[in-house]
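> Sequence:
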Amino acid sequence: MSLLEIIILSIIQGITEFLPVSSTGHIIFFSDLFDLNTSDIYFDITVHLGSLLSIIFYFRKNIFGILKLNNKFYVQNSVYEISFKKLYVLIFLSTLPIIICAIFFDLDFFEKFRSSTWVGIFMIFTSLILFISEFLSSKNKNIGEISKRDSIIIGIFQCLSILPGISRSGMTIFSGLLVGMDRQSAVVYSFVLSIPTIIGAVCLMVINNVNDLSFENIIIKFIIPTFFSFIFSYIAITFIIRYLKNGTFKPFVIYCFISGIFLLAINIIR
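Counting from 1 along the sequence shown, just add 1 to a position and that's the residue number in our numbering.
What the hints contain is simulated information worked out from the structure, not anything from laboratory work. Keep in mind that a hint or two might mislead.
The calculated lysine-lysine pairs, modelled on DSSO-like cross-linking and capped at a C-alpha distance of 27 Å, are [as the list claims (entries may be wrong)]:
| # | residue 1 | residue 2 |
| --- | --- | --- |
| 1 | Lys142 | Lys87 |
| 2 | Lys87 | Lys62 |
| 3 | Lys87 | Lys246 |
| 4 | Lys251 | Lys149 |
Please build the complete structure, drawing on both the sequences and the hints.
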C-alpha cells in the first residue's frame, strides 16, 4: 500500500473501531472497492494498537484508580461506585467466550467470510440489532450492578463480532442493554471490554506471524498507522460516549442497512 492508502485506511479503522458499524467490515469494503492489499500483518497490528492506546488513554484516570484500588469509576461527569475486584471478574467473564472461540475454532474458517458480500449481509444484521436496541434502553443498571451471568451474556454476543461486518461495539452495547444496563453504562462497559479483546487480538496476530515480522521502514509500517488510528479512535470514543448518553441508534441503523444493501448490490452488478 502507498503512504496515502495507509493513512486513509488507518483513519477509517480509527473512526469505525468504536462506532457500532464494524471496522473490519469497512476495511474489507474499501479494500475490495479500491483493490488494496490490507492483508499486511503490520497494518492489522498497528491500527489495532492505535485503537488500544486510545481507549487506554481515554480511561487513564480509571486505570490509575485500579492500580490504587480506588473504587470510583469516572466517565465524563458520571461517577460509578464499583469494586475493581468485581470489575476484574466481570471483564474476565465477558472476555472468556471469545478466548474459547479463538482456542477451539480454526481462524481460517472465519476467513471464508472476509468478502464484501458477507460483509453486506452482516452489516444488515448489525442494523437489525441496533434497531432492536432502540427498544431496550429503559433499564438503569450501571457497571457496578451487573451480575456474572450478565457479563457472560455480553461476552457471548461479543463472539459474533469475529464475523466481519458485525460490529463488536454494536453487539456488546446491545447485550448490555439486553441485561438491563442504562445506555451510557452499556457503552462504557463495551469500551472497557475492548481493552483485553484488542490486546488478545494483537498478541494472536504477532504469535501467528512472528517469523514474518521485521522493523524495516518502521515509520511507514508502524508509527504512521498507529498515530492516525490513535487520533481518530480517540475522537470516535469521545463522540459516541457523549452522543449515546441521550442520542439514538437510528443514524447507525440507517447507515449499516444502506451500506449492507449497497455492498450486496455492487456484488450483484459485478
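> Against the structure, test the hints numbered earlier, and report the numbers of the ones violated in rising order.
Result: hint 4 breaks, nothing else.
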